[in-house]
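Model the full assembly from the supplied sequences, consistent with the hints where possible.
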Amino acid sequence: MNACEPAAIQAEALCAGYRGRPVISDLTLTVAAGEILGVAGPNGAGKTTLLRCLAGLCAPLSGSIRLFGKQLADLTGQARARCLAVVPQETETPMAFTVEEIVMIGRTASLPRWRGPAAGDRAAVERAMAYTDVVEMKDRPVTELSGGEKQRVIVAMALAQEPRILFMDEATSHLDIHHRLEIMQLVERINIEQGVTVMMVSHDLNLTAEFCRRVLLLKDGKLLGDGPPRDVFTEPLLRQAYPCNIHVQPTVSGSVAVVPAPRFSERAPVRGARIHVVCGGGSGGEILRRLTLGGYAVTCGALNEGDSDARVAGALGIGAALEKPFLPVGAAALEQARKLAKDAAALVVAAVPFGTGNVANLILADESLSAGKPVLILDGAESRDYTPAREAEARMRVLRSNGAEFCRDPADLFERLSPALARAPGGGAGKSP
Amino acid sequence: MTKRDWIVWMAGPVALLALGFCLLAGAAGWGIPSDVIFRLRLERMVAGFVVGAALAAAGTVFQALLRNPLAEPYVLGVSSGAGLGAAFAILSGAAAWHVATMPLIAFVFGAATLFLVYRLALVGGRASVYGLVLSGVIVSSVCSSMLMFLIWVSPTPVLHGIIGWMLGNLEVYSRPLLLTASVAVALGVVAIRAMAPELNALTLGGDAAHYAGVRTRVAVPLGLGLATLTAAAGVSLGGLIGFVGLVVPHGVRAIVGADHRRLVPVSALAGGVFLAVCDAVARLVLAPRELPVGVVTAMIGGPFFLLILRRRRRGGWLE
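Residue numbers (the numbering used here), protein chains in the order written: chain Z, 1 to 433; chain H, 434 to 752.
What the hints contain is simulated information worked out from the structure, not anything from laboratory work.
Among these hints, one or two may not hold up.
[Unchecked claim] Beta-carbon label-pair distances, calculated as ranges: (1) Z/92 / H/451: 34 to 42 Å; (2) H/555 / Z/244: 30 to 38 Å; (3) Z/146 / H/439: 27 to 35 Å; (4) Z/92 / H/567: 17 to 25 Å.
[What the hints assert, rightly or not] Which chain Z residues stay away from chain H? Per the calculated CB distances, all over 10 Å, these: (5) 28; (6) 29; (7) 35; (8) 185; (9) 193; (10) 206; (11) 227; (12) 237; (13) 251; (14) 252; (15) 328; (16) 383; (17) 394; (18) 409; (19) 424; (20) 425.
Ideal placement from N, C-alpha and C gives every residue a C-beta, glycine not left out.
If you want it as structure tokens, here you go:
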């Protein structure tokens, strides 16, 4: 990129809004050519207003907007269309235009009035259709296309403008995940191969994080954050923007995943008994979640820190006895877990694989049975026993003969849980939470 | 040459044949008439052609700009408004001052009606399909009752002319008026055709057209103004004729596609031929008596419209 080249978008002290009610106040923003930028924020934060302003659809109340160094307000319709194209969320096409005719609308600014499209217009349309892979459907009426196909045609129409900046205004939010990905990969390719600057507004934080190298977080018309997704989509910043409980986790592709967890707010009512769960390695996730939703007070352990079940426990606000990562469960952690199990009215053993590191947890099951509490175990421990001496298998046999209940699957387990609690000597009282 | 190009090229000869049929059909029966009658028929055919072309072209523009399949001069109240203006011009004697006065007053009334209908339908900066149709029907019936009122209080000698004109009448009373209206319609249709790229873009909505580089603040009022002018010129010549502006653009769209480069000229041509043929049929059916041409347009247009709707549903508007 040439260092002297002016910024693709430069907004200075921008105020914008409707009828004097400012939606955006004093926003300054510079987007370099070739960037792929995401704009996130809650409803009413001013994302769409910002985009409409930058596209010249509504005039700013004050401040200036420059596209590649030129004042937006001074651009003719034709110059603006050559500079900037927009893919909106939905484009209604009430008349049965063919795909090619729709893509040709992207050339409106340069089309001759009387004669047919010029050679340059035809070439641009051909290129745009080839790029978006809609050539085969070029004679079909757009009214017959599916949502994903139609949006690809609209992207082709935007590309036919041969713009240097592409705006995506919630352009994928009504598409299924496959087509959402397809459109985004297409836009990413346009960005990389043609150097088109992309600015996308989306409610899908995960999609934004996946595709954008830089994101803006807007709230009440002001910038809350501006930087790489990792630095902006953090729990403190997101909680400032959205008044709900949000968890941010790294994803398999190295990006971040944002998960709202409104159902597990700290004030969730606890109606049922206290249950201790022996789990690990992802085996306990569903059980922990369903027990919590069922109104039980839940504890778990002992687990290693960083285990996916430990993370679920953290997200759900569940007490857990934790051992250091990758260490066998030691005396201190086991003692902590023993305390949790003692306070519980019942103990559940998830379909966790057993190795020398965690087989000690089964002692807790034995102790709970001796204390007269119901113990429910997910069946099939034999196949998950990785201890050299088949210790888990041996312990399971003892547990079975001492009256532990073995369940086929989590659904079976939940069916048996409350009768088991009712049958228990204490009437399932346990220690009140 | 695609099938569509072929259809467009065939349209010319077919139109000439149809117009030839109109010249041969008369209240007295078939055949080549005497010189005087022939001139009358020729004038009447030209009037029918001009009015039909005006209504069809205006309907095409209204449907594109308002993105509404039911938009046409009659439904939007533009015809009734222009009709009221024309009647006002006749009764007040203004029409006698200058030949252009009547079309001009009709245009002003039509434009005012469209503005009123649009404003009534506007909710939160947007005019909905139903809002437009509803306010169009209401404003249109108000205009019609005002027209009735004018007729009721008017002196008898003028009365007959106005009632005949209200039902749609292509008889040419004034050759200068025919000439003025024809020029206005021709200019209107040419200007509308020049806007074809913008009309195409605007069918996707104002925002999308703006993104494509259309200056919507100029193009939309200009398009509506041109359509109103064209329709008003047609109404001042032929009176209140419904259905042409609705049926013809739909039918033509189903055949040549939605692109306004082809749609506008073919619609105008087809509208002109359609109305001229309807007028010839009106002369023939109960010969030697004549039917009002508006009756024929509705009776031919209705079933024709339904047929198109059934057979080429995909080709017209989305459902």
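Going down the list of hints, with the structure as the test:
| no. | hint | result |
| --- | --- | --- |
| 1 | Z/92 / H/451: 34 to 42 Å | 36 Å, holds |
| 2 | H/555 / Z/244: 30 to 38 Å | 37 Å, holds |
| 3 | Z/146 / H/439: 27 to 35 Å | 31 Å, holds |
| 4 | Z/92 / H/567: 17 to 25 Å | 20 Å, holds |
| 5 | 28 | 25 Å, holds |
| 6 | 29 | 20 Å, holds |
| 7 | 35 | 20 Å, holds |
| 8 | 185 | 22 Å, holds |
| 9 | 193 | 22 Å, holds |
| 10 | 206 | 27 Å, holds |
| 11 | 227 | 29 Å, holds |
| 12 | 237 | 31 Å, holds |
| 13 | 251 | 33 Å, holds |
| 14 | 252 | 36 Å, holds |
| 15 | 328 | 63 Å, holds |
| 16 | 383 | 57 Å, holds |
| 17 | 394 | 70 Å, holds |
| 18 | 409 | 47 Å, holds |
| 19 | 424 | 62 Å, holds |
| 20 | 425 | 67 Å, holds |
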